[in-house]
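Here is how the chains run, residue by residue.
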Amino acid sequence: MLSKNLSFLLAFIVAIQVIYAQKIPANIPENAIFYMEINGNAINNKINWEKLNQSKLVKKFFNKNSIFKSWSDYSQTGIEYKNKQYQYSTVNDSVTSYVAYLPLNSDSKFEEFINNKKEKGLVAIKKGNYSYISLDKNMFVAWNKSTAILHYCTYQKPYKYQDYATAVADSTAAVAVTEAATYAVDTVAVAVQPDENFEYNQGPIVEESYKEEVYEKKTFDYKEEISALKTNKKYYQNEIKSFQKLIKETDKNITYLTKFKKYPNDKKKKIEQKYDAAVEESVVSAAVDSIQTDMDLPYKEEIDSVYATYNDEFEINNSENFKIVQKISEKLFDDFYNTNSEFSLPNKFNFAKNSNSDIYIVYGYSNYMNILKGKSLTGYGLYESIFGNFSSEIFNTSSAFNIFFENDNVRVVNSYKHNNPKIHSEFAAVYDGKFNKKLAQFIDEKTLGYYSMNIKSEKYLDLMYRFFGESFSKGKEFKNEAELILETVKVFLDEKEISKIATGSGIFTLNGFKPKTVSYIDYQYNEEDFTTKEVKKTKEINAPDFTFAFATEKDEYWKKVFDVFKNNKKFNKNIVKTADYFMFKADENEMIDQLYFTAKDGIVIMTTSLGNLNKISNGDLSNLPNADKKLIKNHPAAGRMDLRKLVEIVGADLPNKTSKKDEKYLNFFKQNLGNVSFYTETKENIETTINYQINDNHDNSLMYFFDLFEELYELDKGNLEEPIQ
Amino acid sequence: MKNLKYLLFFIPFLFISCFDIVEKIKLNNDGSGEYSIILNASKSKTRLTSIMKMKTINGKKVPSNAEINSKVTEVSNQIKQISGISDVVTSVDLSQYIVKLNFNFKSVENINSSLETLKAKKLIDSKIPAQLYTYQKEKKLLIKNNQNTFKKEYSKMKAADKEALSNANYTVIMQFQENIKSQTNVSYQVSPNKKALKLNGAILDFINQKKNFQNTVQIN
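Residue numbers (the numbering used here), protein chains in the order written: chain X, 1 to 725; chain D, 726 to 945.
Looking at chain X on its own, in the form it has when it is part of the complex (with noise of 0.2 Å):
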């Protein structure tokens, strides 16, 4: 009999499980590959909703991309923002579906909303107590007093595998697959938005209609005329702009002969090398600006005409489609409408969640490992045992986002964990490196950005061998094999000495940029008479001075590996060696001048600046900004860069001759770009904050965005070239 103590204490467990069963009231799968909440009341108070109404970026997203027209006020589409929505994504073999679950306030004004459709209105179907739509051939929408529901779904036949059935077993796809081999084609009137006419006829009618033109030529071998034909195709899309048209007609002629096996007669030969003729003759050359057009295309009617029918093909494929995927819809909305309106979300799902995050995003790598795995590794055994495990073992981890749209920053931070807790435990071990002063030092005041990181190098071996080992523990028929061989390879690795080459503390800064003078050969003409010369002339650009540096304990070794370089033929002109360096002069065309390398002090360092190298030695950190000291000195991996500079310097590189437009997105950028800076720390998991700061000149960071894309939509939309004389 349990002692009371620890009876309550399974009781208080169970609790705690049972309340973070989370309820929501959405059906997420376990097997999404992606997950995502949108906390609905954070974000609402964030958009300027009075901004997005007026936006002509949005009005012309919707005017021209869009399914519906625009509207005239967003903040009122019967959606209510100020709940949770829940979205997620499931790939598996054969169909690909993302979902979105709308709260919504008026379903009388979301059903107005939907149907502010471009161009017919829609009918709705209704379904016991909810309604549907059809958006598009690969997007519903479906409705009730509560919540909507936005599917977008793509279905297509499985491939072949070796293991067919395997990769076919996956409940989805196989509802799928049975589900449109029993459908009937004219089984269902749906109502749905004709853009296309589903409504035909199978193959019997598309067959007679060309019993007439049956291409009677007995040597012509289709397969053959496919493999030409796709040929061609690859030659055409080297001239895609050229021959957009070519390449749908190709397509036409490879569907139909697939199916027929042949050409429908000589006639649609004669019309297309008479077409050809025409384009290689450049006999529309004159008009040679409207070939491009549908409307100045010669023999267009003809060649329409003969094609018409191979439209059915695609119809019926498309049409084919478009029903796999209703039903697959439909039985989603079934499955949510018809039953409970709360669901249990799988805890993976709840992996890391800051619930006063804006939006919080889980990826299911393992999820999508296992449909790669079941694409490309069923039935080989050894590499399945080795590699496929191995695959799988890698992305058998949890990763989530929060995303925090604060004031002046936009804060990210990634949560992340092996589920395999004692390969957690290695990689949580890794990140326990020291912070090394020596390092530190190459950042200042003046450095525009860096990457420092501090692991331990010898962990990172275990790590691996970690990795492999679990991986072999769960492989089929060569397990005993695998582990032999791991286990002869840490034998022969002494994972110690291969740390102190690099000790996995690591640091490359941006400290700027310095002038560089070029030549190039520029072209004069003489005054008199316009005889060209070449002149030779000068310019100075923008060349980066950086500094790559790790710790190491066996200077004596990289001294080596730097006399090797030294003694290459390739090389041997350009590296010069001191007593205390080597040098590598660049060539004239190369972006650097000349780059400094030099191992001492327990220091390996690449740098474009000598005096870096006196830096070695001094550990003097007086220089280094205290932010940065903080943010180095407490991470295992840290770093900055401050971009409205970067593009300062950068931009001040552009060609002598600037064009207005080029002017205008440069001082864009220098007005709108702000400071990013990351850090990473083990926690209970291993998380990685990333802060992006940007000026005060937005309501808020989530609003800079929408700014920065306005912006943006109105330089691109009101610029002409007009490049300085």
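Heads up, some of the hints might be wrong.
Unchecked claim - Residues from chain X that keep clear of chain D, each with C-beta distances beyond 12 Å, as calculated:
id, residue
1, L150
2, D335
3, S519
4, Y520
5, Y525
6, K536
7, N589
As the list claims (entries may be wrong) - Below are the DMTMM-like pairs computed for lysine to aspartate or glutamate, each with C-alpha atoms no more than 20 Å apart in a straight line:
id, chain 1, residue 1, chain 2, residue 2
8, D, K919, X, E590
9, D, K887, X, E714
10, D, K920, X, D593
11, D, K778, X, D587
12, D, K825, X, D522
13, X, K233, D, D850
14, D, K825, X, E534
15, D, K906, X, E225
16, D, K923, X, D522
17, X, K664, D, E888
18, D, K883, X, D662
19, D, K785, D, E888
20, D, K923, X, E534
21, X, K533, D, D818
22, D, K883, X, E528
23, X, K717, D, E878
24, D, K751, X, E590
25, D, K881, X, E534
26, D, K876, X, D73
27, D, K778, X, D251
28, D, K906, X, E528
29, X, K645, X, D662
30, D, K780, X, E590
31, X, K717, D, D886
32, X, K717, D, D930
33, D, K751, X, E527
34, D, K887, X, E527
35, X, K717, D, D818
36, D, K751, X, E534
37, D, K919, X, D529
38, D, K923, X, E527
39, D, K887, X, E445
40, D, K919, X, E528
It should be emphasised that the hints constitute simulated quantities derived from the structure, not laboratory data.
The C-beta atom is built at its ideal place from N, Cα and C for all residues, glycine as well.
Given the structure of chain X, go ahead and fit chain D onto it with the hints provided.
Chain D only, in chain X's frame:
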């Protein structure tokens, strides 16, 4: 801009935003002469050096030095076979990124034939008009034709490809044995010795039809 794709194979050259094309024709009274074209991307050689180390750029394959040389040799060999053309000289300087083509012709029609040949061999785009020049020997009238600005093709280009042309320039030089009596396009500058014409402008100006190559030149 008729020669936009004449040097189509110099893809990396076109992916920097600063290059010049110089087209020169030196015409004798009898209709023979010398023709040359220079693609000069030397101003952007630092960028080009980096690009040439890449496998692709903007989705297009970056050719190797050997491929570029081979292509130029192929063009040269094709042009050499054209009757009326002689002394074909090409040079490829991949340290300065300058490519030159130069040849003598017996008649300006030979220049046009060279384009036809290159189009037939698919060394240049089939949409490039072939009739660059017309010369009426009796009247001593040289016509430089402007058949296609490639405005429509340019409008369909991707933004990154358009960027390649944003600072590119085109210069046409025409030199004659005798004085120029008149011309129809005043954008061409007349030399002080009155025996040469020069037209210079941004390639985009020609594409957007702010400038025009078309010119009918009457020689004395």
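(request) Take a quick look at whether D:K887 and X:E527 sit within 20 Å of each other, Cα to Cα. (result) Cα-Cα ~33 Å, so violated.
(message) Tell me if the straight-line CA distance from D:K920 to X:D593 falls inside 20 Å.
(response) At roughly 46 Å apart (the allowed maximum being 20 Å), X:D593 and D:K920 break the hint.
(message) If we take the beta carbon of X:Y520, is the closest beta carbon in chain D still more than 12 Å away?
(response) violated (4 Å)
(request) Would you check the hint for X:K717 and D:D818, treating anything up to 20 Å between C-alpha atoms as holding? (result) At roughly 39 Å apart (the allowed maximum being 20 Å), D:D818 and X:K717 break the hint.
(message) D:K785 and D:E888 were given as a pair; does the straight-line alpha-carbon distance stay at or below 20 Å?
(response) Judged against 20 Å, a Cα distance of about 15 Å means the pair holds.
(message) Please verify that the nearest CB of chain D lies beyond 12 Å from X:S519's CB.
(response) Violated, because the least Cβ-Cβ distance between X:S519 and chain D comes to about 9 Å, which does not exceed 12 Å.
(request) Assess, step by step, whether the Cα of D:K906 is no farther than 20 Å from the Cα of X:E225, and give holds or violated. (result) Violated. D:K906 to X:E225 sits at ~60 Å, over the 20 Å cutoff.
(request) Measure nothing beyond the straight line between the CA atoms of D:K751 and X:E534; if it is 20 Å or shorter, mark the hint as holding. (result) holds (18 Å)
(request) Take the C-alpha atoms of D:K825 and X:E534, compute the straight-line distance between them, and say whether it is at most 20 Å. (result) holds (12 Å)
(message) D:K825 and X:D522 were given as a pair; does the straight-line alpha-carbon distance stay at or below 20 Å?
(response) holds (13 Å)
(message) Please verify whether X:K717 and D:D886 have alpha carbons no more than 20 Å apart.
(response) Since the Cα atoms of X:K717 and D:D886 sit roughly 17 Å apart, the hinted pair holds (cutoff 20 Å).
(request) Could you grab the alpha-carbon distance between D:K919 and X:D529 and see if it respects the 20 Å cut-off? (result) holds (8 Å)
Of the numbered hints listed earlier, those contradicted by the structure are 3, 4, 5, 6, 7, 8, 10, 15, 22, 24, 25, 26, 27, 34, 35, 39.
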